[in-house]
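Residue numbers 1 to 67, in full-length UniProt numbering, belong to the letters of the sequence shown in order.
One should not assume that every hint holds.
Said to hold, decoys possible - Capping the alpha-carbon separation at 25 Å, the derived lysine to any residue pairs in SDA-like fashion look like this: (1) 32 <-> 17; (2) 25 <-> 12; (3) 29 <-> 9; (4) 25 <-> 4; (5) 19 <-> 42; (6) 19 <-> 38; (7) 32 <-> 43.
Worth flagging that the hints you see were computed from the coordinates, not collected in a lab.
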Amino acid sequence: MDSLTDDICALVLAKLPIKIFTVFKLVCKQWKSIVESPFFRNLFMSLHQNSASSSWSLMSIMSPPIT
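Assemble the whole structure, with the sequences as input and the hints as a guide.
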């Protein structure tokens, strides 16, 4: 897949609840790569940091530090 397709997938996936990310990683290598990328983590946290749920903090705990 090209970069634009990856970016679009990341935008769609980032709007979904964190509970289903484990399943996403099993769908295909491309989705696993997207969900584990620093870009996706930052996007997810920026979209969910103001939500009532604590998904963004859970995401930051689950993910290795971004360097």
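- Message: Next pair to validate is residue 25 with residue 4; report whether the Cα-Cα distance is within 25 Å.
- Response: 19 Å, holds
- Query: Under the criterion that the straight-line Cα-Cα distance not exceed 25 Å, is the pair residue 19, residue 42 satisfied?
  - Reply: 17 Å, holds
- Message: Holds or violated: residue 25 and residue 12, Cα atoms, limit 25 Å.
- Response: 15 Å, holds
- Do the alpha carbons of residue 32 and residue 17 lie within 25 Å of each other, as the hint requires? At roughly 16 Å apart (the allowed maximum being 25 Å), residue 17 and residue 32 satisfy the hint.
- Query: Are the Cα positions of residue 29 and residue 9 separated by 25 Å at most?
  - Reply: 13 Å, holds
- Query: Are the Cα positions of residue 32 and residue 43 separated by 25 Å at most?
  - Reply: 15 Å, holds
- Query: Between residue 19 and residue 38, is the straight-line Cα distance small enough, at 25 Å or below?
  - Reply: 18 Å, holds
Hint compliance for this structure: no hint is broken.
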